[in-house]
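Participant: Order-wise, the sequence lines are chains A and B.
Residues in the first sequence are numbered from 1 upward in steps of one, following UniProt numbering.
Residues in the second sequence are numbered from 1 upward in steps of one, following UniProt numbering.
If you're looking for bench data, these hints aren't it; they were derived computationally from the structure.
Mixed in with the good hints there might be a few duds.
One copy or two, it doesn't matter: identical chains are merged, so the pair holds either way.
Think about it this way: if two alpha-carbon atoms lie no more than 25 Å apart in a straight line, the pair counts; the simulated SDA-like pairs of lysine to any residue are [stated by the list, open to error]:
(1) K536 / H189
(2) K221 / P507
(3) K526 / W223
(4) K226 / F502
(5) K151 / K221
(6) K519 / V171
(7) K179 / A556
(8) K226 / I7
(9) K348 / L445
(10) K526 / H189
(11) K32 / V554
(12) K151 / I7
(13) K80 / K526
(14) K536 / S56
(15) K150 / R24
(16) K221 / Y19
(17) K563 / Q414
(18) K519 / S56
(19) K348 / V238
(20) K535 / S71
(21) K535 / L49
(22) K461 / S360
Bear in mind the structure is a predicted one, so any value in this text is a computation, not a measurement.
What follows is the residue order along each chain.
2 protein chains.
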Amino acid sequence: MWSSKCIWDIQYNLQEYDYISSKRITCFYASKPQPHQFTVLVRGIPVSLGSSVTESVESFFTEYHSSTYLSHSVVRQTGKLQRLLWQETVIASLSYEFTNVVMISQSDADKWYRRLVKLKAKNLPHKRSGRDGFLGLFGRKVDLLDHYEKKLQDIEDNVRMEQSSVVEKEVPAAFVSFKSRYGAAAAVHIEQGVNPTEWVTEPAPEPNDVHWPFFSASFLKRWICKIIVFIACIVLTVLFLIPVVIVQGLTNLDQLETWFPFLSSLLSITFVSEVITGYLPSLILQLFQRIVPPIMMMLSSVQGHNALSQIQKSACFKFLLFTIWNVFFANVLSGSALYQVNVFLEPKEIPLVLAEAVPSQASFFIAYVVTSGWTSTASELFRLFPLISIFMKKKFAGKDDDDFEVPSVPYHGQIPKIALFGLLGVTYFFLAPLILPFLLVYYCLGYIVFCNQLLNVYAPKFETGGTFWPIVHGSMIFSLVLMHIIAIGIFGLKELPLASIFCVPLPFLTLLFHDYCQKRFLPIFKAYPAECLVKKDHDDQNDPSMPEFLDKLVTAYRDPALKPINYSGRSDGHDSLLQHAA
Amino acid sequence: MWSSKCIWDIQYNLQEYDYISSKRITCFYASKPQPHQFTVLVRGIPVSLGSSVTESVESFFTEYHSSTYLSHSVVRQTGKLQRLLWQETVIASLSYEFTNVVMISQSDADKWYRRLVKLKAKNLPHKRSGRDGFLGLFGRKVDLLDHYEKKLQDIEDNVRMEQSSVVEKEVPAAFVSFKSRYGAAAAVHIEQGVNPTEWVTEPAPEPNDVHWPFFSASFLKRWICKIIVFIACIVLTVLFLIPVVIVQGLTNLDQLETWFPFLSSLLSITFVSEVITGYLPSLILQLFQRIVPPIMMMLSSVQGHNALSQIQKSACFKFLLFTIWNVFFANVLSGSALYQVNVFLEPKEIPLVLAEAVPSQASFFIAYVVTSGWTSTASELFRLFPLISIFMKKKFAGKDDDDFEVPSVPYHGQIPKIALFGLLGVTYFFLAPLILPFLLVYYCLGYIVFCNQLLNVYAPKFETGGTFWPIVHGSMIFSLVLMHIIAIGIFGLKELPLASIFCVPLPFLTLLFHDYCQKRFLPIFKAYPAECLVKKDHDDQNDPSMPEFLDKLVTAYRDPALKPINYSGRSDGHDSLLQHAA
Numbered sequence: 001m002w003s004s005k006c007i008w009d010i011q012y013n014l015q016e017y018d019y020i021s022s023k024r025i026t027c028f029y030a031s032k033p034q035p036h037q038f039t040v041l042v043r044g045i046p047v048s049l050g051s052s053v054t055e056s057v058e059s060f061f062t063e064y065h066s067s068t069y070l071s072h073s074v075v076r077q078t079g080k081l082q083r084l085l086w087q088e089t090v091i092a093s094l095s096y097e098f099t100n101v102v103m104i105s106q107s108d109a110d111k112w113y114r115r116l117v118k119l120k121a122k123n124l125p126h127k128r129s130g131r132d133g134f135l136g137l138f139g140r141k142v143d144l145l146d147h148y149e150k151k152l153q154d155i156e157d158n159v160r161m162e163q164s165s166v167v168e169k170e171v172p173a174a175f176v177s178f179k180s181r182y183g184a185a186a187a188v189h190i191e192q193g194v195n196p197t198e199w200v201t202e203p204a205p206e207p208n209d210v211h212w213p214f215f216s217a218s219f220l221k222r223w224i225c226k227i228i229v230f231i232a233c234i235v236l237t238v239l240f241l242i243p244v245v246i247v248q249g250l251t252n253l254d255q256l257e258t259w260f261p262f263l264s265s266l267l268s269i270t271f272v273s274e275v276i277t278g279y280l281p282s283l284i285l286q287l288f289q290r291i292v293p294p295i296m297m298m299l300s301s302v303q304g305h306n307a308l309s310q311i312q313k314s315a316c317f318k319f320l321l322f323t324i325w326n327v328f329f330a331n332v333l334s335g336s337a338l339y340q341v342n343v344f345l346e347p348k349e350i351p352l353v354l355a356e357a358v359p360s361q362a363s364f365f366i367a368y369v370v371t372s373g374w375t376s377t378a379s380e381l382f383r384l385f386p387l388i389s390i391f392m393k394k395k396f397a398g399k400d401d402d403d404f405e406v407p408s409v410p411y412h413g414q415i416p417k418i419a420l421f422g423l424l425g426v427t428y429f430f431l432a433p434l435i436l437p438f439l440l441v442y443y444c445l446g447y448i449v450f451c452n453q454l455l456n457v458y459a460p461k462f463e464t465g466g467t468f469w470p471i472v473h474g475s476m477i478f479s480l481v482l483m484h485i486i487a488i489g490i491f492g493l494k495e496l497p498l499a500s501i502f503c504v505p506l507p508f509l510t511l512l513f514h515d516y517c518q519k520r521f522l523p524i525f526k527a528y529p530a531e532c533l534v535k536k537d538h539d540d541q542n543d544p545s546m547p548e549f550l551d552k553l554v555t556a557y558r559d560p561a562l563k564p565i566n567y568s569g570r571s572d573g574h575d576s577l578l579q580h581a582a
Numbered sequence: 001m002w003s004s005k006c007i008w009d010i011q012y013n014l015q016e017y018d019y020i021s022s023k024r025i026t027c028f029y030a031s032k033p034q035p036h037q038f039t040v041l042v043r044g045i046p047v048s049l050g051s052s053v054t055e056s057v058e059s060f061f062t063e064y065h066s067s068t069y070l071s072h073s074v075v076r077q078t079g080k081l082q083r084l085l086w087q088e089t090v091i092a093s094l095s096y097e098f099t100n101v102v103m104i105s106q107s108d109a110d111k112w113y114r115r116l117v118k119l120k121a122k123n124l125p126h127k128r129s130g131r132d133g134f135l136g137l138f139g140r141k142v143d144l145l146d147h148y149e150k151k152l153q154d155i156e157d158n159v160r161m162e163q164s165s166v167v168e169k170e171v172p173a174a175f176v177s178f179k180s181r182y183g184a185a186a187a188v189h190i191e192q193g194v195n196p197t198e199w200v201t202e203p204a205p206e207p208n209d210v211h212w213p214f215f216s217a218s219f220l221k222r223w224i225c226k227i228i229v230f231i232a233c234i235v236l237t238v239l240f241l242i243p244v245v246i247v248q249g250l251t252n253l254d255q256l257e258t259w260f261p262f263l264s265s266l267l268s269i270t271f272v273s274e275v276i277t278g279y280l281p282s283l284i285l286q287l288f289q290r291i292v293p294p295i296m297m298m299l300s301s302v303q304g305h306n307a308l309s310q311i312q313k314s315a316c317f318k319f320l321l322f323t324i325w326n327v328f329f330a331n332v333l334s335g336s337a338l339y340q341v342n343v344f345l346e347p348k349e350i351p352l353v354l355a356e357a358v359p360s361q362a363s364f365f366i367a368y369v370v371t372s373g374w375t376s377t378a379s380e381l382f383r384l385f386p387l388i389s390i391f392m393k394k395k396f397a398g399k400d401d402d403d404f405e406v407p408s409v410p411y412h413g414q415i416p417k418i419a420l421f422g423l424l425g426v427t428y429f430f431l432a433p434l435i436l437p438f439l440l441v442y443y444c445l446g447y448i449v450f451c452n453q454l455l456n457v458y459a460p461k462f463e464t465g466g467t468f469w470p471i472v473h474g475s476m477i478f479s480l481v482l483m484h485i486i487a488i489g490i491f492g493l494k495e496l497p498l499a500s501i502f503c504v505p506l507p508f509l510t511l512l513f514h515d516y517c518q519k520r521f522l523p524i525f526k527a528y529p530a531e532c533l534v535k536k537d538h539d540d541q542n543d544p545s546m547p548e549f550l551d552k553l554v555t556a557y558r559d560p561a562l563k564p565i566n567y568s569g570r571s572d573g574h575d576s577l578l579q580h581a582a
């Protein structure tokens with residue numbers, strides 16, 4: 001049964017990879033011409049003295065890509081401008097990850113303007129007075145109309161001044177557009193400059209997927225950032241155990257009673273004490289884990305990725321490693337996990353240690369599937385945190401329904417969780433088959449819930465194009481290898497040396513299979529092949545809308561912070577209209 | 001002193017990498033248009049039922065690379081033909097690696113023809129009779145003129161018959177030529193087919209660098225071969241110790257006297273016995289090591305490389321690992337090396353074990369530099385083995401000076417040896433600085449000898465373009481990391497924990513430096529950047545000889561076995577001329 005399950009897993013993985021890669025190609029063929037298909041992001045542009053980045057890009061690409069080069073737009077340092085425009089939303093974006101509600105796309109000016117218009121439309125005197133302090137609660141009492149108009153005017157003046165000065169603040173990076181997809185692909189795949197750290201090209205993300213805030217351009221800076229982030233991730237993953245262990249240690253009853261004496265009568269009720277000792281540690285653990293995805297997102301954006309999609313993918317991978325370590329290994333190696341890290345320095349011992357530790361935690365993980373898996377899926381349906389957060393904002397920050405934006409899919413938070421349950425299923429199915437029905441329920445529930453969420457709740461902010469699949473595949477392979485290692489250890493413990501020896505080739509065979517998949521399928525997920533690109537280019541030649549599309553391409557990659565801003569004029573017009581109507 | 005040496009090493013490596021990569025670019029700019037710059041090797045060509053590989057290639061490239069595609073030549077299964085043409089040379093090629101004399105480029109027919117012409121020119125009756133058996137020693141006495149003519153006729157008939165039948169035996173691989181270097185580079189770098197295992201492209205080698213015999217085309221076959229070769233290399237490297245240890249064990253005097261009783265009087269002379277016990281083991285070791293490079297070459301060619309340059313590079317890397325393991329580690333961990341392999345399964349123990357074992361072998365390695373390093377460099381100058389082999393061939397196989405071909409540079413045999421002495425220098429300079437003057441002499445000697453050999457003896461069969469440098473750089477980095485690990489162990493042994501801890505970051509910093517170099521320089525060694533390619537293409541546009549060159553390009557990659565053969569006609573003509581003269 002065991003070996004057939006392995007073969008089934010492998011077979012399934014192969015078919016699934018094939019299926020998703022074919023879907024990806026189909027999706028590409030069906031797509032309309034999109035700016036990012038024709039565009040390349042170039043970083044590390046060398047600038048000679050006395051010339052600008054724009055001139056440098058223009059001369060390089062007209063010289064070396066004369067037949068395919070179309071246009072370019074240089075990236076500018078808009079950090080200050082962004083702070084001016086999105087002042088309020090910066091705070092919102094910090095809370096975004098917890099509440100999963102607001103996406104940074106509306107500028108502050110937009111919001112003030114919409115509030116102003118609404119206020120005028122309602123024209124109710126008691127609504128027109130408010131306070132100008134934090135969350136509209138404190139501060140002087142002001143006339144809201146005047147207040148909003150003044151705010152808007154302030155923002156506009158500041159932004160216009162900053163916009164005029166920012167034109168000179170060029171970052172040595174540019175979005176270069178080409179006349180054909182194949183031309184863009186050639187520029188991405190062929191090393192451009194003699195110095196590989198200059199003229200570094202990569203496929204451009206979709207225009208609204210670009211992550212403008214941390215636009216890092218220099219090769220060396222990105223390389224150093226990557227190393228720092230790598231170390232930070234390891235430190236975070238390993239040391240995250242310490243607070244969790246401390247918190248879990250503090251949640252025993254005696255400690256609580258000493259700290260909060262007034263609770264002692266309540267804690268003496270058996271039911272309450274059971275709930276507290278049973279659920280509090282896992283609740284605290286869950287809360288702690290909620291902080292991690294935004295931290296991983298932050299680390300990934302520091303790392304030098306310039307698109308939300310790349311940041312999410314990178315954060316997804318980081319959070320997956322984090323989850324596997326902090327949920328699976330930390331619980332398997334139990335409280336003394338930090339001490340037992342030593343095991344990984346003696347590879348010979350790993351199978352035996354795992355074989356001893358893993359089976360003893362079977363009941364814990366079955367409970368984990370129910371307490372964490374089922375409840376998290378159910379809470380995903382209710383979206384409790386976002387609900388509370390919206391309620392609070394409406395109540396205290398004076399936000400209304402128009403301020404609400406459709407949330408994007410939190411791939412980086414959800415995929416690792418789902419992959420973890422896959423890991424539990426693969427490693428425990430032969431140690432404690434009782435886990436399987438629970439997992440089946442989890443996956444059925446998850447399928448229904450996420451179908452609903454994806455269709456009715458979330459609005460994708462970018463096309464993933466199936467690029468998250470290789471991460472899932474990788475986690476599956478890791479689970480299989482881990483299972484083989486545990487099997488080797490268990491057969492060793494049970495003194496069945498022959499069975500143990502026969503298991504030794506299995507992890508290697510699985511890794512070989514992985515290698516084959518990487519070679520056979522992964523290239524499709526990294527870039528589209530020439531066959532597809534040229535076919536699409538040929539199709540476009542007969543498309544009458546192409547010249548118009550190429551014209552638009554020139555301005556597709558303009559930083560949203562640099563868009564001309566003119567609200568007061570519009571609001572004045574609106575104002576006078578309203579006054580006329582009144 | 002120690003840390004300054006480290007920094008100096010790193011500094012030197014960086015400068016050297018920079019220097020060699022700039023040399024590589026300069027060499028490319030200075031080069032004339034060459035077929036391999038415009039050509040791409042395509043493997044895994046899918047063929048639909050009822051069509052041929054030629055049609056498939058033609059339709060694919062005219063459709064997807066219509067603006068740059070020029071022509072193609074499909075590879076054919078010429079194994080049988082090659083056996084017919086190079087029957088004699090196959091034996092020679094086996095001995096090539098040992099003697100380093102004959103390169104497979106003259107066909108048998110060529111040789112017979114030249115012998116025939118020479119025989120006729122001399123027209124001496126006593127030279128005209130010989131024997132037709134092995135090495136001209138045994139067999140019936142025959143008239144050489146008749147014999148040669150018959151031989152030539154036979155070969156010609158067979159070859160013509162085989163050539164006409166081989167046209168249909170297409171291998172799903174082709175050399176596809178483009179009109180520009182940039183077009184060829186785009187085809188190499190962009191994935192061609194939707195299925196990444198089909199239409200696999202790689203840069204074409206120089207026409208005379210192509211290794212026709214094992215022309216493997218299928219992706220899966222190459223993948224499996226690679227895995228098998230990988231395993232074979234590990235097995236060979238690890239198990240090579242066994243025969244060496246056995247042989248070394250057998251070379252003690254008692255054993256020799258029991259085996260060869262007649263030697264006992266000779267062995268009782270102290271001088272003789274000292275020479276035998278002192279030199280015999282290392283001589284046997286050296287002889288054993290001479291077998292390895294050809295085996296590595298064989299493995300590399302099985303692996304699916306299709307150019308002599310690639311095969312040599314791959315063999316060079318394999319032989320380097322082999323040398324480091326079998327000379328350095330085997331001697332450091334001494335006789336019980338096989339048992340001590342266990343150390344590598346307990347990474348924590350490695351520094352201590354090395355710190356104990358490495359210093360004790362200092363005197364052995366100083367002696368090794370003299371016995372193996374100095375003598376091998378000196379013997380390189382004399383080329384003793386090739387000399388003997390040529391002498392034997394001339395004497396017994398009836399070969400004359402015309403049969404002698406200029407040897408090519410044996411990079412794969414020499415670079416690992418030189419790198420090994422670098423490893424010894426880096427690891428021993430702070431344990432036994434006495435090794436440094438010996439190494440200095442070795443490197444000075446080596447510099448002079450190899451300057452002479454490269455300028456006056458060898459004729460390069462292909463342009464390396466500096467692509468061996470990354471291997472040397474890698475071995476240098478490995479040496480540095482090994483030195484750091486030994487230092488950590490030694491400070492640990494001497495109970496200086498603080499020094500030991502301060503050394504711990506060093507290997508990581510060195511690896512980071514290596515990573516930087518890989519990113520900064522390695523891309524230049526893998527492919528030429530667009531800047532260079534387009535510049536060269538522009539230069540060519542003004543070159544009047546380009547149309548002629550492109551015409552020649554069409555036939556540049558024709559299998560030499562398929563060239564039309566016509567000796568008897570020429571020899572007849574020659575014959576009649578000679579008879580007239582007589």
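Participant: Would you mind marking each hint as holding or not holding in the structure?
Facilitator: Now for the hints, and whether the structure bears them out:
1. For the identical chains of this complex, K536 and H189 are neighbours both inside a copy (18 Å) and across copies (19 Å), given an alpha-carbon limit of 25 Å.
2. Taking CA atoms no more than 25 Å apart as the test, K221 paired with P507 passes between copies only; the shortest distance there is 22 Å, against 38 Å inside one copy.
3. Proximity of K526 to W223 under the C-alpha cut-off of 25 Å is found in both arrangements, the shortest distances being 21 Å within a copy and 21 Å between copies.
4. For the homomeric pair K226 and F502, the shortest alpha-carbon distance between copies (24 Å) is at most 25 Å, but the shortest distance inside one copy (41 Å) is not.
5. With identical chains, the CA atoms of K151 and K221 are never at most 25 Å apart, being 38 Å at best within one copy and 70 Å at best between copies.
6. Proximity of K519 and V171 under a CA criterion of 25 Å is satisfied inter-copy only: 22 Å between copies versus 36 Å inside one chain copy.
7. When the C-alpha separation of K179 and A556 is checked against a cutoff of 25 Å, the pair qualifies only within one copy, where the shortest distance is 14 Å, while the shortest distance between copies is 34 Å.
8. Taking the shortest alpha-carbon separations for K226 and I7, only the inter-copy value of 24 Å comes in at or below 25 Å, while the best intra-copy value is 38 Å.
9. For the identical chains of this complex, K348 and L445 are neighbours neither inside a copy (40 Å) nor across copies (46 Å), given an alpha-carbon limit of 25 Å.
10. For the homomeric pair K526 and H189, the shortest alpha-carbon distances inside one copy (11 Å) and between copies (13 Å) are both at most 25 Å.
11. Taking identical chains as interchangeable, the C-alpha atoms of K32 and V554 lie at most 25 Å apart only when both belong to the same chain, with a minimum of 17 Å there against 39 Å between chains.
12. In this assembly of identical chains, K151 and I7 lie within 25 Å of each other by CA distance neither inside one copy nor across copies; the values are 65 Å within and 58 Å between.
13. Neither within a single protomer nor between protomers do K80 and K526 lie at most 25 Å apart by alpha-carbon distance, with minima of 34 Å and 41 Å respectively.
14. In this assembly of identical chains, the alpha carbons of K536 and S56 lie at most 25 Å apart only when taken from different copies (21 Å versus 31 Å within one copy).
15. In this homomeric assembly, K150 and R24 never come within 25 Å of each other (Cα to Cα): the closest approach is 50 Å inside a single copy and 64 Å across copies.
16. Within a single copy, K221 and Y19 get their C-alpha atoms only as close as 39 Å, which misses the 25 Å cut-off; across copies the closest is 24 Å, which meets it.
17. In this assembly of identical chains, the alpha carbons of K563 and Q414 never lie at most 25 Å apart, being 35 Å within a copy and 64 Å across copies at closest.
18. Taking identical chains as interchangeable, the C-alpha atoms of K519 and S56 lie at most 25 Å apart only when they sit on different chains, with a minimum of 23 Å there against 37 Å within one chain.
19. Taking the closest pair of Cα atoms, K348 and V238 come within 25 Å of each other both inside a single copy (22 Å) and across two copies (19 Å).
20. For the homomeric pair K535 and S71, the shortest alpha-carbon distances inside one copy (23 Å) and between copies (21 Å) are both at most 25 Å.
21. Taking the closest pair of Cα atoms, K535 and L49 come within 25 Å of each other only across two copies (23 Å); inside a single copy the shortest separation is 42 Å, beyond that limit.
22. In this homomeric assembly, K461 and S360 never come within 25 Å of each other (Cα to Cα): the closest approach is 43 Å inside a single copy and 64 Å across copies.
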